[in-house]
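Novice: The lines below spell out each chain.
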Amino acid sequence: MRISFVARELGSGLKRNFTMTLALVVSVAVSLSLVGAALLLGAQVDRMKGYWYEKVEVSIFLCGPNSTAFNCKSDVTPQERKEVYEGLKSLGSTVQSIFYESSDMAYARFKEQFKGSAIVDNVGPDALPQSFRVKLDNPDNFTLVDAALAATPGVESIQDQRKLLSRFFQILNGLQTFALAVASAMLLVTVLLVMNTVRVAAFARRRETSIMRAVGASNMSIRLPFILEALTAAVFGAGLASLGVLSIKKYFIDARLAPDYTFIAFVTWSEVIAIIPWLFLIGVLTTVLSSSVSLRRYLRG
Amino acid sequence: MIRFDHVSKQYKNSPRPALDDVDLTINQGEFVFLVGSSGSGKSSMLRLMVKEEKPTTGTVTVNDVNVAKLRNRKVPAFRRKLGIVFQDFRLLPNKTVFENVAFGMEVIGKSRREIRARVPEVLELVGLEGKEKRLPSELSGGEQQRVAVARAFVNNPSLLIADEPTGNLDPSTSVGIMKLLDRINRTGTTIIMATHDVAIVDQMRKRIIQLDSGHIVRDQERGIYGDAGH
Ligand SMILES: Nc1ncnc2c1ncn2[C@@H]1O[C@H](COP(=O)(O)OP(=O)(O)OP(=O)(O)O)[C@@H](O)[C@H]1O
Ligand SMILES: [Mg+2]
Numbered sequence: 001m002r003i004s005f006v007a008r009e010l011g012s013g014l015k016r017n018f019t020m021t022l023a024l025v026v027s028v029a030v031s032l033s034l035v036g037a038a039l040l041l042g043a044q045v046d047r048m049k050g051y052w053y054e055k056v057e058v059s060i061f062l063c064g065p066n067s068t069a070f071n072c073k074s075d076v077t078p079q080e081r082k083e084v085y086e087g088l089k090s091l092g093s094t095v096q097s098i099f100y101e102s103s104d105m106a107y108a109r110f111k112e113q114f115k116g117s118a119i120v121d122n123v124g125p126d127a128l129p130q131s132f133r134v135k136l137d138n139p140d141n142f143t144l145v146d147a148a149l150a151a152t153p154g155v156e157s158i159q160d161q162r163k164l165l166s167r168f169f170q171i172l173n174g175l176q177t178f179a180l181a182v183a184s185a186m187l188l189v190t191v192l193l194v195m196n197t198v199r200v201a202a203f204a205r206r207r208e209t210s211i212m213r214a215v216g217a218s219n220m221s222i223r224l225p226f227i228l229e230a231l232t233a234a235v236f237g238a239g240l241a242s243l244g245v246l247s248i249k250k251y252f253i254d255a256r257l258a259p260d261y262t263f264i265a266f267v268t269w270s271e272v273i274a275i276i277p278w279l280f281l282i283g284v285l286t287t288v289l290s291s292s293v294s295l296r297r298y299l300r301g
Numbered sequence: 302m303i304r305f306d307h308v309s310k311q312y313k314n315s316p317r318p319a320l321d322d323v324d325l326t327i328n329q330g331e332f333v334f335l336v337g338s339s340g341s342g343k344s345s346m347l348r349l350m351v352k353e354e355k356p357t358t359g360t361v362t363v364n365d366v367n368v369a370k371l372r373n374r375k376v377p378a379f380r381r382k383l384g385i386v387f388q389d390f391r392l393l394p395n396k397t398v399f400e401n402v403a404f405g406m407e408v409i410g411k412s413r414r415e416i417r418a419r420v421p422e423v424l425e426l427v428g429l430e431g432k433e434k435r436l437p438s439e440l441s442g443g444e445q446q447r448v449a450v451a452r453a454f455v456n457n458p459s460l461l462i463a464d465e466p467t468g469n470l471d472p473s474t475s476v477g478i479m480k481l482l483d484r485i486n487r488t489g490t491t492i493i494m495a496t497h498d499v500a501i502v503d504q505m506r507k508r509i510i511q512l513d514s515g516h517i518v519r520d521q522e523r524g525i526y527g528d529a530g531h
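From first to last, the protein sequence lines stand for chains A and B.
Number 75 in this note's numbering belongs to position 75 of the first sequence; there are no gaps in the numbering.
Position in the second sequence (from 1) plus 301 gives the number in this note's numbering.
Hints are computed from structural coordinates only; laboratory data are not their basis.
Even for Gly, the Cβ is constructed at its ideal location relative to N, Cα and C.
Wrong hints could be hidden among the right ones.
[Claimed, not checked] Across the chosen pairs, the derived CB separations fall in these ranges: (1) B:V518 - A:F18: 49 to 57 Å; (2) A:K49 - B:R413: 38 to 46 Å; (3) A:I273 - B:K355: 38 to 46 Å; (4) A:Y51 - B:R413: 57 to 65 Å; (5) A:G174 - B:Y312: 54 to 62 Å.
Construct the entire structure; sequences and hints are all you get.
Specialist: This is how it looks when you write it as structure tokens:
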């Protein structure tokens with residue numbers, strides 16, 4: 001068949017089934033938006049994991065003037081601090097790097113992080129303890145550090161950042177699973193809607209298809225208009241969903257979240273854009289497959 | 302050429318066969334009327350010829366093709382050599398006369414140039430020149446059937462099959478359609494037409510095959526309806 005004929009038939013078919021096509025576009029757009037959101041969340045989790053697991057440290061906080069821990073009699077003394085440092089050194093290659101952060105440095109970092117927030121004015125350098133920040137060859141070796149230093153005088157507490165993060169990541173992963181589940185349900189709805197739309201269209205056009213069969217049109221060319229209609233709806237829907245995903249990045253992540261949470265690494269534009277081909281692929285595959293199945297059933301004889 | 306070789310057709314939920322051991326040969330270029338009372342099996346016979354149905358036993362051969370053995374994939378190519386006219390015209394209501402006839406060529410991939418050349422030719426043959434831009438709703442029943450005949454004939458089929466093409470038309474309009482089919486028959490196209498129309502059959506004096514309860518009870522050259530075997 002000539003392209004121009006197919007295009008004309010497609011146009012008139014879309015016009016005739018306008019409301020059904022519109023329903024299809026909306027349904028595809030909604031389900032693919034959810035898929036997009038789930039993929040976005042997944043990319044965000046990956047990015048944060050990469051960013052933070054690389055920086056994940058064990059912090060050994062030293063006693064300050066206000067410490068109440070039982071290891072702390074008073075401010076940590078230089079001698080105690082030296083002993084903690086030696087203790088870390090003695091762990092050998094488990095400890096990859098040791099960084100000492102004084103109260104002043106901690107305060108400077110704190111000010112930078114919470115720039116513009118009122119909390120900065122209420123906290124002085126004294127409130128922030130000095131610490132050793134230690135990077136391990138393997139984050140699992142935290143227990144070794146803990147065992148070696150927990151009872152050392154001058155150590156107020158030992159904190160494994162990964163533990164804090166893993167709980168956070170659990171929540172994000174849960175969110176992603178939930179979004180994927182909702183997206184799957186919506187995709188199923190879309191599949192059923194496509195199948196029903198095609199069934200209705202096939203019934204409405206049985207005169208046309210009976211003529212096509214009578215004059216010897218191939219099965220493919222009889223089915224093609226229906227599949228193309230569903231496909232058009234899918235492409236429009238996927239386009240809308242893509243716009244939705246891009247808007248989440250521009251108007252939510254970049255405009256709302258990023259300025260407030262400067263210490264979080266958010267998904268980049270290239271990661272967001274990489275999601276879009278998937279939306280089109282999923283949209284096109286589901287509609288083409290479900291319309292083909294429906295035609296096989298309802299366009300017989 | 303068409304051959305029915307001991308053909309029977311038994312529909313699933315039907316007490317008796319629609320066709321019972323039918324033997325028949327129709328040669329290229331013939332004009333054949335298929336007559337018989339309602340339910341005698343005329344439409345069933347035509348449906349077997351175009352592979353809308355398969356025979357329960359026996360073989361149907363059309364253009365040297367054993368229809369039952371024809372692969373589904375090859376049915377479209379097979380049907381392109383046939384023209385089919387229906388009692389209810391089956392025109393596309395939102396397409397013009399020209400587009401309805403062109404449709405038969407479009408769906409089998411003919412080029413725009415071929416379509417522009419052929420469609421006016423056929424419209425002239427059926428006597429519809431000047432009405433190309435009308436919609437079916439703006440035509441009389443006879444004119445609509447002419448469009449349908451034009452569409453069936455546009456791809457130059459070797460065989461034209463018509464199931465009661467005048468069933469919805471008044472007598473004088475029917476005569477016009479019969480003249481048209483006769484003209485098409487003279488181009489060498491075989492025509493097989495099922496009908497109840499006594500006047501037409503008597504007037505045309507063509508071969509008549511009469512069915513009764515799935516049996517051929519008469520096969521007569523240049524016959525008239527009234528001879529009906531009693
Ligand atoms: N699809 C079908 N399923 C079951 N029985 C059928 C089917 N089509 C036709 N029949 C039966 O087969 C017999 C022959 O039907 P057919 O349509 O061939 O008759 P006909 O000669 O064309 O009649 P008419 O002049 O009314 O069109 C009838 O008894 C009919 O009830
Ligand atoms: Mg009939």
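Novice: Look at each hint and say if it fits the structure.
Specialist: Hint by hint, here is what the structure shows:
Judged by the Cβ atoms, the range 49 to 57 Å given for V518 (chain B) and F18 (chain A) holds: they are separated by roughly 54 Å. Separation of K49 (chain A) from R413 (chain B) is about 59 Å and departs from the stated range, judged on CB atoms against 38 to 46 Å. At about 55 Å, the beta-carbon gap between I273 (chain A) and K355 (chain B) misses the expected band of 38 to 46 Å. A C-beta distance of roughly 60 Å is found between Y51 (chain A) and R413 (chain B), which places it inside the suggested range of 57 to 65 Å.
Distance hint check: the CB atoms of G174 (chain A) and Y312 (chain B) are about 59 Å apart, consistent with the given range 54 to 62 Å.
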